[in-house]
Amino acid sequence: METVTQLTNELVASYARVGGINHLDGKNLPSNHAITAITQDLLRLLFPGFFDDKPIHSSEIKVITAELLDSVLGALEDEIYKALEYNPPPELPKKNLRSAAHGLTVEFLDSLPRLREVLQTDMVAAYDGDPAAKSKEEVLVSYPFVEAIAVQRLAHELYLKNVALIPRIMTEWAHSRTGMDLHPGAQIGSHFFVDHCTGTVVGETAIIGDHVKLYHGVTLGAKSTSAVEQLRGKKRHPTIEDRVTIYPGATILGGDTVIGAGSTIGGNVFLMESVAPNSIVIYDAPRMRVLNKSDRKKKAADFQI
Amino acid sequence: METVTQLTNELVASYARVGGINHLDGKNLPSNHAITAITQDLLRLLFPGFFDDKPIHSSEIKVITAELLDSVLGALEDEIYKALEYNPPPELPKKNLRSAAHGLTVEFLDSLPRLREVLQTDMVAAYDGDPAAKSKEEVLVSYPFVEAIAVQRLAHELYLKNVALIPRIMTEWAHSRTGMDLHPGAQIGSHFFVDHCTGTVVGETAIIGDHVKLYHGVTLGAKSTSAVEQLRGKKRHPTIEDRVTIYPGATILGGDTVIGAGSTIGGNVFLMESVAPNSIVIYDAPRMRVLNKSDRKKKAADFQI
Amino acid sequence: METVTQLTNELVASYARVGGINHLDGKNLPSNHAITAITQDLLRLLFPGFFDDKPIHSSEIKVITAELLDSVLGALEDEIYKALEYNPPPELPKKNLRSAAHGLTVEFLDSLPRLREVLQTDMVAAYDGDPAAKSKEEVLVSYPFVEAIAVQRLAHELYLKNVALIPRIMTEWAHSRTGMDLHPGAQIGSHFFVDHCTGTVVGETAIIGDHVKLYHGVTLGAKSTSAVEQLRGKKRHPTIEDRVTIYPGATILGGDTVIGAGSTIGGNVFLMESVAPNSIVIYDAPRMRVLNKSDRKKKAADFQI
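Protein chains in written order, with the numbering used here: chain A, 316 to 620; chain B, 316 to 620; chain C, 316 to 620.
Read the hints as simulated data drawn from the structure, not as lab findings.
Model, not experiment: these values are computed from the prediction.
This list has only true hints and no planted wrong ones.
Pairs count within a copy or across copies, as identical chains cannot be separated in the list.
Calculated cross-link-like contacts (lysine to aspartate or glutamate; reagent style EDC-like; alpha-carbon spacing at most 16 Å):
id: 1; residue 1: Lys-377; residue 2: Glu-317
id: 2; residue 1: Lys-377; residue 2: Glu-325
id: 3; residue 1: Lys-476; residue 2: Glu-400
id: 4; residue 1: Lys-342; residue 2: Asp-367
id: 5; residue 1: Lys-549; residue 2: Asp-571
id: 6; residue 1: Lys-410; residue 2: Glu-400
id: 7; residue 1: Lys-538; residue 2: Asp-443
id: 8; residue 1: Lys-476; residue 2: Glu-406
The following block holds chain A by itself, in its conformation from the complex (with noise of 0.2 Å):
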């Protein structure tokens, strides 16, 4: 126990000498567990039947739903109430913040039917545009692009009411779980899809028409700066009209980039400048090299088959 004391002596004194990593004594955050049994709640609402582990019947869904917003309304409204009391709205006295809470929690829960239209426009469009896909019920239960869309819109609603660390805590959960990084931030039009969704980023200023279709690994981003700090809060991230198709790996970087409507942005393309509607961008033929084996050279020794 002596080792222990010695180690516990050593660890405490770096928690009062390196600052800025741990946090003691400061304002109580909002819990990553709680947001997360929320976040997994309001997936049950928003598709009752298919996140719970027996089907539900039309005689007990009102009792269930009730039951269910009762929990969450409650949970939910204490995590808001911490994001409040770690970034107050300026706006707001101090004292009315519980208030506020609530008032945000019930808004937010209010916005559930509308999230559900918008939704159903975005199931249609994953099995209008996937041919694996064997049914409408195949894309709910196993895509991971239902979790992860359902997510960004719930999150980009108390994104718009400004809380705090709750909506990054969300879609973070579902980045973990799907490999999509959809920031809470960016604006996203009905008939949504991405296939596959590992390593698809979109950042917090991106703003994406109705029926957009991406692929995996589609990075849509900001360009890299020194001067970060005049960048907080400036549109950073590319605008991508309507009926857009974007496939795996490519990279579209700038807040003044603009894909026009109707446009195929080709594979592994990086792009830092806008297109004219209906374009297709490609990489040149020339570009690429078959070689044949036995006729190898230096360059192609290089891979060492």
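Add chains B and C to chain A, keeping to what the hints say.
Okay, now just chains B and C, sitting in the frame of chain A:
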């Protein structure tokens, strides 16, 4: 509670109004949770002693295996029954679904010894193909590839038996954990290895020969098209012949695309046509520009370092 | 039950027949489950108050830390003992493994204050490097990078002590959750940041300087070769000098490849040779073709929009 009642009424009204994303009074779909648990038990059956908390001794292996098989048989039969009820095979009289589910489950479990033999070749390929692997035990204990390929080979057996939904739920569970999306329909030869896994996608109708090595971020995909309905069930994904290596980020698309035996595809290559056996496909060197920052012109300044 | 008996017999026979994937009567390997739990406790020790369900007050920090350290010390010592037993250091007499395990565990825990100091620089780099970060708390509470780099730095300590299996199990746990595969062997300088993380791979012998910023989908990999056995333990992965930025999807391969200090590597670049300090590596503009869909020729029609 009045608030909750109102929120409930609105949400339940939306369940009635917005069809297609809720599943009420419908057929009892296979349970995501149950299939996840079954898949983990199947991994324990395939790799005894590796996915268990404590080592297993020869003297107890028979009892442990029998207990686990008995439990998996019951649980999987229940899920397969739901899948048959959801999507009954046309040739099967409805009253026989339960016995059909039993028969399919037994047949499936009977394939485990054969799957173990193929998986053994994958483990050899992983150890032989990765200089970072310190031992075969390290591969088994820590490589995400092991879980991903084992689950795909399990799911592929159910896919071949036309069991709905379950195969994809199984592979999407592995996809979530490993970042690699191997469709249950893909036909994969022996001695397969994917290093790192994240972002690799292998489509439903891909055919992969023996001794094929992929890296992360490799796509074996379909050409997108507006005629999705006509494509369902058609061969849409490439054929990769024996002894092919495909580097990170390469994208190969199309059902007619054949990568000839012994070929190597370079990183980030985007390929939509066949190449002959023993080809090396790389980018031309001149496509890349190396600039010195002190000389930089407008283009380079885009990066705003 | 007769069916189960038969299935059991066949499967147990396969355990005897197909060697190399089961682990019966073998040495007691470190437990994946135990190491996952230990890793989570180590994260709580590194970032007190952030990975706990409720905030921690200064008055209780010493007691909580001592309890957690005591528990981790015992649990980790058990796993390290198994790792030593599995792969005993040549210089160590077998009877001393238990005390060696104790010594290694104490040394390892003694490094936590030092790791906290380096991790502090990573948090600064993350906040300073990402305009989407609203606060340092947001970084700590939600960014997958925090977990990934903390686990890699922990695992690297054990890697340096030649502890088998455990370091890789730790980083693969983080890989599964964050999509980023940082090998425990990689040497990573201070002020490191990876935005988004998914799909980024850093190989065992990579060396990374200070103030390096990567994006998702970046590979610091090895050139593949058929002479795998000769490569084990050799430097196979690139060296990235100070103040380098590497954009999404770039792939840099080879143990002799050095990216000079202050350089920027553009997105999707595939690079197998060194570049001088202060280089910018991008693609030539002409490699890309922008077509209007109304003019499209055969090539464009491949996309079948």
